[in-house]
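Engineer: So the protein sequences, as listed, match chains A and B. So that you can map any letter, position 183 of the first sequence is 183 in UniProt numbering, and since no number is skipped, the others follow by simple counting. So that you can map any letter, position 282 of the second sequence is 282 in UniProt numbering, and since no number is skipped, the others follow by simple counting.
For the record, the hints were derived by calculation from the structure and aren't laboratory data. Mixed in with the good hints, there may be bad ones.
Same chains, same names: a pair is fine if it fits in one copy or spans any two.
Under the rule of at most 30 Å between Cα atoms (straight-line distance), these lysine-lysine pairs were calculated in the DSS-like manner [claimed, not checked]: (1) Lys-437 to Lys-259; (2) Lys-182 to Lys-442; (3) Lys-182 to Lys-199; (4) Lys-201 to Lys-182; (5) Lys-45 to Lys-182; (6) Lys-437 to Lys-69; (7) Lys-199 to Lys-45; (8) Lys-69 to Lys-442.
Chain by chain, the residues:
There are 2 protein chains.
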Amino acid sequence: MTRDGKMRLGLSMRYLGYHVAAWRHPSVPADGALSFAHFLNTARKAEAAHFDMVFFADGLGIRANDNPKGSLARDMRNAELEPLTLLAALAATTRQIGLVATASTTYNEPFHIARKYASIDHISGGRAGWNVVTSWSDEEAQNFNRSETLAYADRYERADEFVDVVRALWNSWEDDAFVRDKASGLFYDEARLHVPDHKGKHFRVRGPLNSARTPQGQPVIVQAGASEAGRRLAARCADVVYSNAHDLQSAQDYYFDLKRRLAAHGREPDDLLIMPGIVPFVAATRQEAQDKYDELQELIHPLSGLAALYGQMGDLSGYPLDGPVPDPSDKRPGNITSIANNLLEVARAENLSIRQLYQRVASTFGVRLLIGTAADIADEMEEWFRNDAADGFNICPPILPAGMDDMSDFLVPELRRRGLFRTRYEGTTLRANLGLKPNVFKRS
Amino acid sequence: MTRDGKMRLGLSMRYLGYHVAAWRHPSVPADGALSFAHFLNTARKAEAAHFDMVFFADGLGIRANDNPKGSLARDMRNAELEPLTLLAALAATTRQIGLVATASTTYNEPFHIARKYASIDHISGGRAGWNVVTSWSDEEAQNFNRSETLAYADRYERADEFVDVVRALWNSWEDDAFVRDKASGLFYDEARLHVPDHKGKHFRVRGPLNSARTPQGQPVIVQAGASEAGRRLAARCADVVYSNAHDLQSAQDYYFDLKRRLAAHGREPDDLLIMPGIVPFVAATRQEAQDKYDELQELIHPLSGLAALYGQMGDLSGYPLDGPVPDPSDKRPGNITSIANNLLEVARAENLSIRQLYQRVASTFGVRLLIGTAADIADEMEEWFRNDAADGFNICPPILPAGMDDMSDFLVPELRRRGLFRTRYEGTTLRANLGLKPNVFKRS
Ligand SMILES: Cc1cc2nc3c(=O)[nH]c(=O)nc-3n(C[C@H](O)[C@H](O)[C@H](O)COP(=O)(O)O)c2cc1C
Ligand SMILES: Cc1cc2nc3c(=O)[nH]c(=O)nc-3n(C[C@H](O)[C@H](O)[C@H](O)COP(=O)(O)O)c2cc1C
């Protein structure tokens, strides 16, 4: 829970929503992932609802595989706007909501990243945030001169140094270093310039950044690492963590662990906000909410469903969809025998058909699913919020823009009735609205 | 001259204008280079005047040196918005004008560049252009893990391959490859996907790009290379060249040489537009135009002036500004004896003081200066346009936004009276307004 007792809410709006069949829904603009109007429309709804931020996840290329053959051509994750250009365009067309986009430390250079996010922070008047990721997939590596992804430890070692360089660049100039005195002709005060001149294992970056300190001081840093290395990075540098948890206990464990780590870095528990993701299906009645979900489940193309099973079960496209899940065979990809048993056990225990099994796992890309009335979903959120499992939520509507309308119409009013969510923005920057300490850099 | 007999006009608007003292002018917002409102305001004026495009030059860091000591702190080129984020923000807030920004092939990866410009082309509805540069300075190298710039030949070899990869990525999907058929669940037509799978000397990039073909087919490619390697690249790939020439003869030589090279690549003379830069001081009378110029010249801080002489003359800060230019001494930086004689000869021949010499060379960053009435300047432009020296001009106002107002108030009406400039946009894309052939990619 946050100090002020209010939840932070983010809207995650990649593609057309977090349900795998979102693009087939009658209300969804199927070409929306390449349409600025689609994102602007939805971001403005989130702003009208006073969400803290919109968030764009990202991958540097198409990460889905074409297994079974033909599944990729049924997948909406093939074309989208690039998140930093999208963020900049939203910076110029929204006024209050925070704007967070993902950028990889593995396939970028710190100077570019420092500069681009600083620029968006200037354009937006202090609303930019960077979701730091290390990119896990071989598909991304293959777009950047490699055949496979970097080893895990190397990725995070590079990420650690990368973030330090970016922050040093953001602090090249103290607040008010640019005096711009027309009369004397002095543009900046030399005593308030600090050239980073970083020389490390992965990077040599002299600087300074050719930008002033930004309206937020520094853009907000977001992170989403679950591993030990990811948690270390978050505890040291992040202002916000997007997490993924499916039950209260594991969310609490994660929350407790991350907050506990902060002291070692001279930070307080409130300096890092933890926001688990949820995919909410909400309606006036439970039945209507369930109907909304079922409607989308029926729209999952069998090839998309089988693709979601492929990694664990191999190619099941030769079997009847409404028949039983077959025993594992040699046709599966290698090295997955033990994992395959998970899904197989589930299928056996509940006597599921192939279709039922893929509907279980393909729907929300792994994010926690909540179906019910606004009160049902607010109950779940409140329980996590009040019991040290969350400082807010990263809301991933199943379809856009309708899923955001459901938030405005049902969920947000319910949270406000409970005193759990703001009715106006407290500040003008993302940092201020999140309730984080101001970021000041002034020596004297 | 162009086939339609109309000039193409671009507005180059880096920082606060092309005069070194621009920021000190009373009408100029000294913090404008970090202000989106400043650029939007000026871009909208250019759009109202029906300019083809706005153009942002770029350097990846601060390239000016602090010689003599203290000169850098008087220089406006220390802080600015990042051009690709700025371009994306303008894409969302302008409607018709072309949007061109510079990106370096030396310190970027093709996948990022292909993706970002494609995204801006989608956001803007077909108005994006990429100015391809190779970055010459050591200061930029030092922000990207190097101590000095790459050798010239390596830079252009990399640039050649870089542009090819970007274009292959832009052609990952044929026009209309994304069928997005909700009923059948087919998102794209597999026969219209072309995975680049590039394997070259500098890059291995599999692709495909996670974006559809853009409204222009491909963003417009701009180039500004003067050397043999630069001209080869332009002749092979560029749609527009920004050139720099100070007299008709050399402009004609360059024009003739570049147009001549096109046939070898199966291209026609009209497929490449050549647009030299000019810095126009224009007013109702010649005297007023001269006064505008003189006012700015007086605002050049002596340290900025001496910095412009430093490379050739060494540190002259110990000499009286209004006294004679001294003989070269050992205090000059190395290896410049022969070049130093140029400036020295000029100073001696015209009996110039130090101040007069730096006012001669420091003012417009090397771009061609034109001072006079609209008729005077239109005469110069028309002469170049009608005599195979230019297809249009890259206009670099000395101060912003007032220098753009002068274009709208004086120069554009004069060009229109002569039938040399449009009164409305012909098309909806930059490519169409420039009169370039449509870029189509459809096999069947
Ligand atoms: C809510 C959430 C959002 C994420 N967004 C992205 C993303 O946009 N791009 C990406 O490459 N990885 C993303 N990830 C993956 C994480 O960066 C990270 O790789 C993953 O959580 C595994 O953690 P670890 O690397 O610490 O093991 C996301 C993870 C979560 C939980
Ligand atoms: C009008 C014009 C604009 C240019 N803009 C840039 C720029 O924004 N960034 C950059 O690094 N170089 C820029 N250049 C430099 C060129 O890319 C190129 O390096 C220079 O003209 C020398 O040509 P060469 O490299 O073929 O010898 C520009 C040159 C001209 C003439």
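Engineer: All hints, please: hold or fail.
Structural biologist: Against the structure, the hints come out as follows:
1. Lys-437 to Lys-259: This pair counts as within: shortest intra-copy Cα distance 16 Å, inter-copy 59 Å.
2. Lys-182 to Lys-442: within (23 Å within a copy, 56 Å between copies)
3. Lys-182 to Lys-199: Intra 36 Å, inter 53 Å, cutoff 30 Å: neither.
4. Lys-201 to Lys-182: neither (42 Å within a copy, 50 Å between copies)
5. Lys-45 to Lys-182: between (43 Å within a copy, 25 Å between copies)
6. Lys-437 to Lys-69: This pair counts as neither: shortest intra-copy Cα distance 51 Å, inter-copy 38 Å.
7. Lys-199 to Lys-45: neither (45 Å within a copy, 45 Å between copies)
8. Lys-69 to Lys-442: Result: close only across copies, 24 Å inter versus 59 Å intra.
This entry does not satisfy hints 3, 4, 6, 7, going by the numbered hints stated previously.
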